[in-house]
Amino acid sequence: MANERQNPVIIDMPLKNIPDSEEFISISQLKHLIRLIDQSDVSELEVKHGAHKASLILRKAKPLAGDSAQLASTATDIEEHTAEQPRAMLIASHVGVFHLWSRSKDQPFAGVGDLIKEGQQVGLIRAFDIPNEVEASVSGRISEIFVQDGQPVEYGQPLMAIEKQ
Amino acid sequence: MFRTILIANRGEIALRVIRACREMGIRSVIVHSEADRDSLPVRLADEHICIGPGPSGKSYLNIPNILSAAVLSQAEAIHPGYGFLSENMSFAEICEDMNIAFIGPSASAMAIMGDKVSARQAMAAAGLPMLPGTPVLHTLSEGLGAIKEIGFPLMLKAVAGGGGRGIRLIERLEDFEHTFLLAQNEAREAFHDDGIYFERYLGRARHIEIQVLLDQHGNGIHLGERNCSCQRRNQKILEEAPSMHLPANIRQEMGEKAVHAALAVGYCNAGTMEFLVDEQNRYYFMEMNTRLQVEHPVTEQITSLDLVKEQIRIAANQPLSIRQQDVHFRYHAIECRITAEDAEADFRPQTGVVTQYITPGGPGVRVDSHLYTGYEVPPYYDSLLAKLIVWGETRDEAISRARRALDEFIIEGLPTTIPFLRRLLDHPGFVRGETYTRFIQEEAVALGIDNAPRKAA
Numbered sequence: 000m001a002n003e004r005q006n007p008v009i010i011d012m013p014l015k016n017i018p019d020s021e022e023f024i025s026i027s028q029l030k031h032l033i034r035l036i037d038q039s040d041v042s043e044l045e046v047k048h049g050a051h052k053a054s055l056i057l058r059k060a061k062p063l064a065g066d067s068a069q070l071a072s073t074a075t076d077i078e079e080h081t082a083e084q085p086r087a088m089l090i091a092s093h094v095g096v097f098h099l100w101s102r103s104k105d106q107p108f109a110g111v112g113d114l115i116k117e118g119q120q121v122g123l124i125r126a127f128d129i130p131n132e133v134e135a136s137v138s139g140r141i142s143e144i145f146v147q148d149g150q151p152v153e154y155g156q157p158l159m160a161i162e163k164q
Numbered sequence: 000m001f002r003t004i005l006i007a008n009r010g011e012i013a014l015r016v017i018r019a020c021r022e023m024g025i026r027s028v029i030v031h032s033e034a035d036r037d038s039l040p041v042r043l044a045d046e047h048i049c050i051g052p053g054p055s056g057k058s059y060l061n062i063p064n065i066l067s068a069a070v071l072s073q074a075e076a077i078h079p080g081y082g083f084l085s086e087n088m089s090f091a092e093i094c095e096d097m098n099i100a101f102i103g104p105s106a107s108a109m110a111i112m113g114d115k116v117s118a119r120q121a122m123a124a125a126g127l128p129m130l131p132g133t134p135v136l137h138t139l140s141e142g143l144g145a146i147k148e149i150g151f152p153l154m155l156k157a158v159a160g161g162g163g164r165g166i167r168l169i170e171r172l173e174d175f176e177h178t179f180l181l182a183q184n185e186a187r188e189a190f191h192d193d194g195i196y197f198e199r200y201l202g203r204a205r206h207i208e209i210q211v212l213l214d215q216h217g218n219g220i221h222l223g224e225r226n227c228s229c230q231r232r233n234q235k236i237l238e239e240a241p242s243m244h245l246p247a248n249i250r251q252e253m254g255e256k257a258v259h260a261a262l263a264v265g266y267c268n269a270g271t272m273e274f275l276v277d278e279q280n281r282y283y284f285m286e287m288n289t290r291l292q293v294e295h296p297v298t299e300q301i302t303s304l305d306l307v308k309e310q311i312r313i314a315a316n317q318p319l320s321i322r323q324q325d326v327h328f329r330y331h332a333i334e335c336r337i338t339a340e341d342a343e344a345d346f347r348p349q350t351g352v353v354t355q356y357i358t359p360g361g362p363g364v365r366v367d368s369h370l371y372t373g374y375e376v377p378p379y380y381d382s383l384l385a386k387l388i389v390w391g392e393t394r395d396e397a398i399s400r401a402r403r404a405l406d407e408f409i410i411e412g413l414p415t416t417i418p419f420l421r422r423l424l425d426h427p428g429f430v431r432g433e434t435y436t437r438f439i440q441e442e443a444v445a446l447g448i449d450n451a452p453r454k455a456a
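Chains as they are written, first to last, in numbering that gives the first Met the number 0: chain Y, 0 to 164; chain A, 0 to 456.
A couple of the hints might just be wrong.
Some chain A residues judged to face chain Y by a derived CB distance under 8 Å, without partners named [said to hold, decoys possible]: (1) Gly-51; (2) Ser-67; (3) Val-70.
These aren't lab readings, by the way, just hints derived from the structure by calculation.
Since this is a predicted model, take the numbers as computed values, not measurements.
We put the beta carbon where it would ideally sit given N, CA and C, even for glycine.
Construct the entire structure; sequences and hints are all you get.
Here you go:
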């Protein structure tokens, strides 16, 4: 049930002038990389060095607001502040099997691009035949769905991202 | 045998069960809270499933999420560890209904032994000696009438209490009314049950408990006793086996009676019968713990048995692999409970990041702990950090080894009870084996914890 991660940007650094016995990346190179990742909208950067068969992954720190929301709440919503639109993360509050498909309507509860209202059912998590409704806790547009119909989910697992509107 | 076991616990005991599973070739699935995401058991289990936020009411006690995790991971059995759901009868019952083996006694045996009053009745009927006591009472006038036969000092116990909670000593008749009403109010608030009963209080009693193991085929054995007299506010601090004062014939008699009594209520799996033993080695049944206990490694070291593996085999309906005559005792074992508490400040619980963690080693030393350098002790749970278990050919050797191991043990970043345990091991009374249940309370000054506000426990 590992959370899905977006593919990292992989850079094969030209790492010259560093003897094999030393660290494969120097402090100044590392500083440079951190500056690069800070200024860009890239969230993850992987540096590989063939001779050492080593790699270094740099990940942009999550905004503080998002972190504290996750710590503080049992709510199913975590906000991520990006430069443009506020993005809310809908997370699983039950352990069970996630369903995107509505049996009664014979269509999906929601899909990417849908405009949804706060409180609207966007899926369900079934735990031994007990359906638990998944409701949007903000209004907005679904920008991403991280889980598939029928996939088992754990507590706190991100289900969907909603661009607040 | 099971292919997959779900572990509904955390910390060192979760790790203990994972280790047994690994050695038995069983896949382990751990459920955990968000606060334990980076914990060692989560890292070492074959699979991990988050079941809720930090507070245990929403995670480790969240029965629907735990059972859903069991179904999703195709677990055939659940090990509840100690605490949390380990003595929760309805949880055991639901597991039975769902055809998931609960690694512990049946819900029906738990129902009898989990309630102190019905346990006393059943155990008295099965031939265990009881301290003179009263039935459950709800009013002050009932109480005043019932205690005439017992006399003072006496112990007041809340029916629904446990783990040292809801117990008070009343020394004089003058204190009775006040203490009774106070305790009843507390019990009502804490346990939603204001039932109270009384027992005669033994001044210099030792806490001696008998470990039993019973399979589902009617076989039962006992694994000797543990002396758990080093307690503070009814919480065990240090346990040892064997008890140096208990003659072999009494050990055997207590063990046989304990097994007989457990069989009489249809008990199976591991369990512990707790007794108070007075200075004349007269013993009285107190209660039964219907689960694996924190201090089980002490018994493991003197019997060379693996109690967790035995529990798993029993739950898988296998007969006991050994008979009573195969149980042999060797060594003297001592367990020290190292907790995140400041002993000099009334044992206030501490949280923080472990900045350095170096465990002791060498002959006769075992450490059961979930700690590592960089581990953050979360605020939500029990303060147990590590169990140091040592053993030697004699009690003296075990004590020297325990001192040596505590001196080697480094846990930095937050206060622990290591310095206090070290003083306890140096105390002449402890060295002579003169420990009884009020030993730590009465020796608080010598043990360097005298600034703690003292009240009758």
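**Study point:** Violations among the numbered hints
**Key:** Nothing - there is no hint that the structure violates, so all of them hold.
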